[in-house]
Structures are given as structure tokens and as C-alpha cells.
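Take the given structure of chain A and dock chain B to it, following the hints.
Chains as they are written, first to last, in the numbering used here: chain A, 14 to 125; chain B, 50 to 163.
Just so you know, these hints were derived from the structure itself, not from any lab. Small disclaimer: the values here were computed from a predicted structure and weren't measured. For each residue, glycine too, the CB sits at the ideal point set by N, CA and C. It is possible that part of the hints are untrue.
[To be verified] Just a sample of chain B residues kept apart from chain A, beta carbon distances all over 10 Å, derived:
no., residue
1, Ala51
2, Thr69
3, His78
4, Pro110
5, Asn120
[What the hints assert, rightly or not] Heads up, simulated DSSO-like pairs for lysine-lysine below, C-alpha to C-alpha not over 27 Å straight-line:
no., chain 1, residue 1, chain 2, residue 2
6, A, Lys117, B, Lys127
7, A, Lys112, B, Lys127
8, B, Lys73, A, Lys112
9, B, Lys117, A, Lys112
[Stated by the list, open to error] Listed next, the stretches of chain A that the computed footprint assigns to chain B, with coverage defined by at least 3 CB atoms under 8 Å from CB atoms of chain B:
no., segment
10, 56-70
11, 113-125
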Amino acid sequence: DAKTTQPNSMESNEEEPVHLPCNHSTISGTDYIHWYRQLPSQGPEYVIHGLTSNVNNRMASLAIAEDRKSSTLILHRATLRDAAVYYCILRDVSGANSKLTFGKGITLSVRP
Amino acid sequence: DAGVIQSPRHEVTEMGQEVTLRCKPISGHNSLFWYRQTMMRGLELLIYFNNNVPIDDSGMPEDRFSAKMPNASFSTLKIQPSEPRDSAVYFCASSLGTWDTEAFFGQGTRLTVV
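The following block holds chain A by itself, in its conformation from the complex (with noise of 0.2 Å):
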């Protein structure tokens, strides 16, 4: 499976944006960028993914770089709900075996 890089954690305050980065040089032409999110003692949920362009939903912006190999989760204002772990996915499109394989995530945490 192809591989993601997140930082351990990263700090912001409350009502600025937040940008959240994600390596991911090994990615393939069939893997798609999903980010996922959990809250303290809930389970994960899902907050945006995307292929090749740029992506908008009403809780995030995702950016992926032209080749692919990084993107970025953004929150345009942080509150402090938004303070958990946040996941980057690669999910393979190829075959039949579609799984959702999490690594370590990077921690956010909002100042109020």
C-alpha cells in the first residue's frame, strides 16, 4: 500500500485557518487522497477526499499538488471543535481490494 507522511501534531488558534500537510511520493495514478478526522473518544469520520483537483465541501478545502505526491487538508477557521486527530488515506481504486488503511494521523490542537 502506498504510503502517507503526516507531522505528529500541530498547534493553531481559534477563528484562523489551519493547514494541514500530507506527503504521499509513493502515490499511484489509481490512488485517491481521503482525509478523515476523530474526535476525542468518538470514531473517525470522514471529511473530504479527492484525485486530481482541488476540492471544496462545507468542512474543509483539500489541495493537491500538481504531481500529487503532497496535499494539504484546510480549515478555513479553526473552532475548537475541530481540535483531533486527522488522518490522510491513500485508497487504491485498482482491483477489487478497496480497503481504508489509517496510519498515526497528525494531532490538532486549537487555542482559544
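Chain B in isolation, oriented as in the chain A frame:
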């Protein structure tokens, strides 16, 4: 829809006992995942079903663990015999089964083996 439903939410059992965790996926979803989460090892994928068929069970720790999906609306993860090192939070997730859709997770079952 009530989302992915797992039961029980908490389970405390003695070493050597059989433990069965249950999961009801979201109606219409045809992929189901079982995960285990501990502080040491993070979130590990145990097994992945597609259309009720196990596609990848490479994450199942050992023969003490088994998972079944008898129909599209129910799955079980069984540990027999249980050991203290099996203590963890077990999550079930379901999705529409393709790479282009999101997976929805249940609230998890916290298992403690004493």
C-alpha cells in the same frame, strides 16, 4: 438512518471467555470494515467485507479472531479465547463499497479483558 450501530458499547470479560461484537451497517452499504484501536498500535484494519464476502483479512491478529457477515445487515467479530492484550476499542464502518465514497463509523465497542 441511525448510522452504523455497534453493540455492546462496553464489554468487560474474563480472560479465556468468548466475546462477540456486533455491527449493523447502514442500509444499502455493501462494504464493511472492522478496526481495532489501541494507544500503542493506533487504528488497525482487521478485516474488510464487500458484498458479504471477506476481501482482505490480513489484519486479523491470529486464529482466536474470526469475523462473519451472514447477510448485508449484520456482522460479528468473535474472539475465542479472549486475552488481556485484546483490550481495545473495536470499530465497525460501512460504505457504499467503492473508493469514491466515504466510510461511516460506529461509536465503537470498548472491550476490557481482565
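Subject >> Enumerated hints in conflict with the structure, sorted upward >> reply: none
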